[in-house]
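Chemist: Each chain, letter by letter, is given below.
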Amino acid sequence: MLRKILIANRGEIAVRIIRACQELGIRTAAIYSEADAGSMHVRLADEAIPIGSPAPKDSYLRGDKIIEAARSIGAEAIHPGFGFLSENADFADAVRSAGLIFIGPLGYSMRLMGNKIGARVLMQQSGVPVVPGYEGAVDAEFGEAAGTIGYPVLVKAAFGGGGKGMRIVHHAADLPDAIESAQREAQNAFGDATVFLEKYIEGSRHLEFQVFGDAHGHVIHFFERECSVQRRHQKIIEETPSPLLDDALRDRMGAASVAAAKAVNYQNAGTIEFIVDPQTREFYFLEMNTRLQVEHPITEMITGLDLVKLQIDVASGKELPFKQQDITRRGHAIECRVYAEDPSNGFLPSIGLALKAIFPSAPNVRIETGIESGDEVSIHYDPMIAKVIVLGQDRSDAIRKMDWALKNTIILGVTTNVSFLRAVLAHSIFGRGAETTDFIQKEFSDWHPQVYGTSDLALIAVALHEMVREAGNRMQDASYDPWNVKDGFRIGG
Amino acid sequence: MLRKILIANRGEIAVRIIRACQELGIRTAAIYSEADAGSMHVRLADEAIPIGSPAPKDSYLRGDKIIEAARSIGAEAIHPGFGFLSENADFADAVRSAGLIFIGPLGYSMRLMGNKIGARVLMQQSGVPVVPGYEGAVDAEFGEAAGTIGYPVLVKAAFGGGGKGMRIVHHAADLPDAIESAQREAQNAFGDATVFLEKYIEGSRHLEFQVFGDAHGHVIHFFERECSVQRRHQKIIEETPSPLLDDALRDRMGAASVAAAKAVNYQNAGTIEFIVDPQTREFYFLEMNTRLQVEHPITEMITGLDLVKLQIDVASGKELPFKQQDITRRGHAIECRVYAEDPSNGFLPSIGLALKAIFPSAPNVRIETGIESGDEVSIHYDPMIAKVIVLGQDRSDAIRKMDWALKNTIILGVTTNVSFLRAVLAHSIFGRGAETTDFIQKEFSDWHPQVYGTSDLALIAVALHEMVREAGNRMQDASYDPWNVKDGFRIGG
Amino acid sequence: MELQFRIDAELKTIKIEREGENYRAQIDDRVYAVRLEADPAGEMIFSANDDRHTVFIAVDGSKYFVAIDGDVIELTISDERPSRRGNHHHRDDSLSASMPGQVTKVLVNEGDAVERGQALVVLEAMKMEIKITAPHAGRVAKVLIRQGQVVDRGQTLIELAE
Amino acid sequence: MELQFRIDAELKTIKIEREGENYRAQIDDRVYAVRLEADPAGEMIFSANDDRHTVFIAVDGSKYFVAIDGDVIELTISDERPSRRGNHHHRDDSLSASMPGQVTKVLVNEGDAVERGQALVVLEAMKMEIKITAPHAGRVAKVLIRQGQVVDRGQTLIELAE
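Residue numbers (the working numbering), protein chains in the order written: chain A, 1 to 493; chain B, 1001 to 1493; chain C, 2001 to 2162; chain D, 3001 to 3162.
No lab work stands behind these hints: they were computed from the structure.
Small disclaimer: the values here were computed from a predicted structure and weren't measured.
Ideal placement from N, C-alpha and C gives every residue a C-beta, glycine not left out.
Accuracy of the hints is not assured; some may be wrong.
Said to hold, decoys possible - Straight-line alpha carbon distances no greater than 30 Å define the calculated BS3-like cross-link-like pairs of lysine-lysine that follow:
id, chain 1, residue 1, chain 2, residue 2
1, B, Lys1057, D, Lys3105
2, B, Lys1442, D, Lys3063
3, C, Lys2105, A, Lys235
4, A, Lys57, A, Lys309
5, B, Lys1164, B, Lys1407
6, A, Lys442, A, Lys164
7, C, Lys2105, A, Lys164
8, A, Lys57, A, Lys4
9, B, Lys1442, A, Lys407
10, A, Lys442, A, Lys235
11, C, Lys2063, A, Lys407
12, B, Lys1318, A, Lys407
13, D, Lys3131, B, Lys1235
14, D, Lys3063, B, Lys1407
15, A, Lys199, A, Lys164
16, A, Lys164, C, Lys2131
17, D, Lys3105, B, Lys1164
18, D, Lys3012, B, Lys1407
19, B, Lys1407, A, Lys318
20, B, Lys1235, B, Lys1199
21, A, Lys309, A, Lys235
22, A, Lys57, C, Lys2105
23, A, Lys57, C, Lys2131
24, B, Lys1407, A, Lys4
25, A, Lys407, C, Lys2012
26, B, Lys1318, B, Lys1164
What the hints assert, rightly or not - Residues from chain D that keep clear of chain B, each with C-beta distances beyond 12 Å, as calculated:
id, residue
27, Asp3071
28, Asn3109
29, Gly3111
30, Glu3115
31, Leu3120
32, Gln3147
33, Gly3148
34, Ala3161
To be verified - Computed far set for chain A versus chain C, every beta-carbon distance over 10 Å:
id, residue
35, Asp139
36, Ala172
37, Thr303
38, Gly413
Just chain A, with the same shape it has in the complex (with noise of 0.2 Å):
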């Protein structure tokens, strides 16, 4: 067993992987950015190194600093969390190279599957389905293959990742601009200019398998996670099971994942992200995210399963403890990221003070977060501020649950989601499981909250608070008013 793991993140997921490790005995020590100074997972771990100014690039983002760190108060494994390193290949090479564990696939299998290429071209040798495409390097031939292909198509970015460097074509005379803008774009973001070519599928859902390997050469997978609701390409609410999926489908997706995660060596966890399309319930392999996903914990609730605790196991060079026929699912599990974002203005990250966040306590309700009353939820990182993650017995009672959870989320100071997330559960296309990935952007557009009849009783609340407040204060002022001290004081002092 390992004594002492250095946590290269913050916020929730730092959180998460924290208590993880105090549960299994195991000494934590966190690092910080200047603006996380007195943050939650600082707080929590049992020592704290400060790496570095609040910028990304000064701090979370350097891998020298970090692997100093670790060597200088003798941990003996680094755990990326998600974001920042975790799929930079150099660093997990880097951390090895130190002679330290990290807590992650290889560096070989992300570099293969950081290519968007050439892992189009390794999963089609490996019999797992590709959205149809076209990854020639002759720009000549692009029109062409376009053309073949069936226009709306997608030009993506090799090296690319949240939307950057990438456009929707639906008419072969916008190709040659869209191509070139595109390449500039990637040139810029990710210091390469290589793009290629999908078929663009509309009205298409994000369902994703979670996999895991060991380095004895066993890889399972966890069954999926439905990740249809975005909203800017971003997931905002997954769940599992995936009420498109039927089980002759779930073990031909299971078996194309563990395919594909075999088909780079794939050691600890990873998502094999696919795009389904619901007429022709076709899917294609996507692209691999080689780390633990924000949206671990509905596979953990209907599996039973401590992600984290086996990565630090398998990690250490231990065994998946199970096969692939032990593996069972139970219940329905939803999670909603709560984003300080103010949904009816476009998603705008809403930064300042929680001055209050108060989350719910109940049977099978989880909550993952970074933050507690009174933190700052500062620009420099992530808007995500906390994830509720409910498990039901099934996906209407899981729906229910989610909504008293949300309900009973209350962030004060910051603008969050949280009301707009109660919305889209109870939006009907939700509701009958036809979730797709343009859903948020169809039928949310106009999205603004809905105060009915609430207002006369905020003004009251306030108004109450103040009667409250004044009392209290005329009682404190007294208590301190020297007049009232002594007899005799007030002549002559």
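Chains B, C and D: place on chain A using the hints.
Modeler: Using the frame of chain A, we list chains B, C and D on its own:
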């Protein structure tokens, strides 16, 4: 679906029922005694009705007032929780006579199980093994019967409970006195002097099975709970599955439990308690608790069910939505009862203000509590202030997780048994799952909390606290000092 | 006590008076009999005309955040009292940065007439862009920043005239 | 600042001084370099000689409750300062009811010599009996209650002389 339920209870179980109702969209009405006016269950309910003075006989046991309250506010059902009126057959009948739904079994079933002698006879007729004993009515025959049973024997009151009217007798010479004093105590405590004999099985274990019946003749069980860790005949740690059972014995006891429940036409949630002799692996019916049990959450953790929601459904007339073979379990669950009591001083209750009550939040950790920071732990009611429940992948994972959870259960202001619970979990007998009902008495009679080397740290913490407070006071004093408000204010006021 | 608040753009007035142990509140012509049931720190349980509500309140200067029945409502007190914090606040006619960041675009010039909701300045931090928009129609009185400048949270960017 | 506390029966003295941004604490001959890292309400993170600890503190009159590494330690300040609450407190030589209840037994008479730990009075509430025991050896100076009497929490039952 019901629209409004009155909860005829207080504390954590009232809170747990309110939350289940909130999820289901059912309005809730709390009742409260004068001692509970500001307590958590009152704060959470949609409505709250004062019901009398602090003593239970004037409030929570006033069935007439409670039924009147339910009718006056238009509640359609009453949930009795556990304790108080929950096993009172007359109350159940009165609720139903008033046209309301009683969320629990028939008065008929309660009465049959409430008479321990009658229940013994009925169980034997139903093929459920009972402890060898004698339930004759003639005092003169007790001596001969005890000889046949074999010493030590237990003298028990027919309508008893909580250890009253109970005597262990090791020698024939002591039997007449023991019978006489037990009869006197039983007459005083329960208004009925009837006693009976049972063989006293030393070093036995206490197991129970969760059963559930509906109004359509179905009865199923949800496996066992191991409840051998007791102090003063009260459970403090429960777990499931029991380390003692194998599948064969589990099946036999499950079948006996269902037979026992069917013998009294049992509907809704109930528990069949057994004594098991770990040497012979023989099991004996002990009694039936005709209500929801304190430790029901561990069954929920391993089965994924919500027993309170199921109670509401079944009480509304619905059929049980599954058959015995649909019920599966996963993982290992433990519950620790947090009592406001002093384990190093005879487990006497410690009453006062819970200045601070902080509970852990983590995956598969569930907290049931009826108090928050600042709440009074009152002398009037049960000193159990919280239940910490965990689900682990296996028993050792669950023990580790529970230790973490208890370490992070911070209750200041009243003495609790939290450190004691951790000591019990760490004991080798518990570690190997060999706990018997005399385990605590034998192994922990001299227990005192060990505070190794932390008293210096506590001193430093308090001194720091005083330094910071003093600095704060100086600033506050300054801001309130009228001498500083204006120049020239000093002279002449 | 009479208090005035803004909720979104609307100005609302509430009168509240003690009435024995309880309170009487009036908003426009709506009268509420109010009973305060419990008041733990930052939480408050009260009944208004016999309906029971649990609310959570947080105060930041002149701003009140109230969570009630799952909704969050933001109120700004609009009386003359000095705020308790004294900073973070700015007059109605100046627009400040809602976050620290870099000014990537200045979309208006001094003297321009602007519509309510019109984007005036674009700020960037991390990978997010934030548009600072006009809270009401008016004229740009002053532009206090330039493109590329790094600004602090609360720093005034633009002054608007009605 | 020098402070004296009782932990169980033991009297402990701590000296604490500011040292720049940090503190220096001394208990007997043990010296600690103390750094306060964070101090949210009622919680406190500090390092003592570079070891980091998170503690929770609650104060009730002269009593301090400290949770540290899973243990709870109760300290009573023993200086001359007036307590902030002013009630709930009683001198060392009087014994008060730790809970409201009914006096079911009075086991001593005025003038009796008693041992440390000897039971003096039995209180009952609900189905629980609580024994009030002598905190130190001494003599019963006064018995202020009688059998059957109902007492409040904090009410003095017995006065002891050393």
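Chemist: Checked against the structure, which of the hints given earlier come out wrong?
Modeler: Violated: hints 2, 5, 9, 26, 27, 38.
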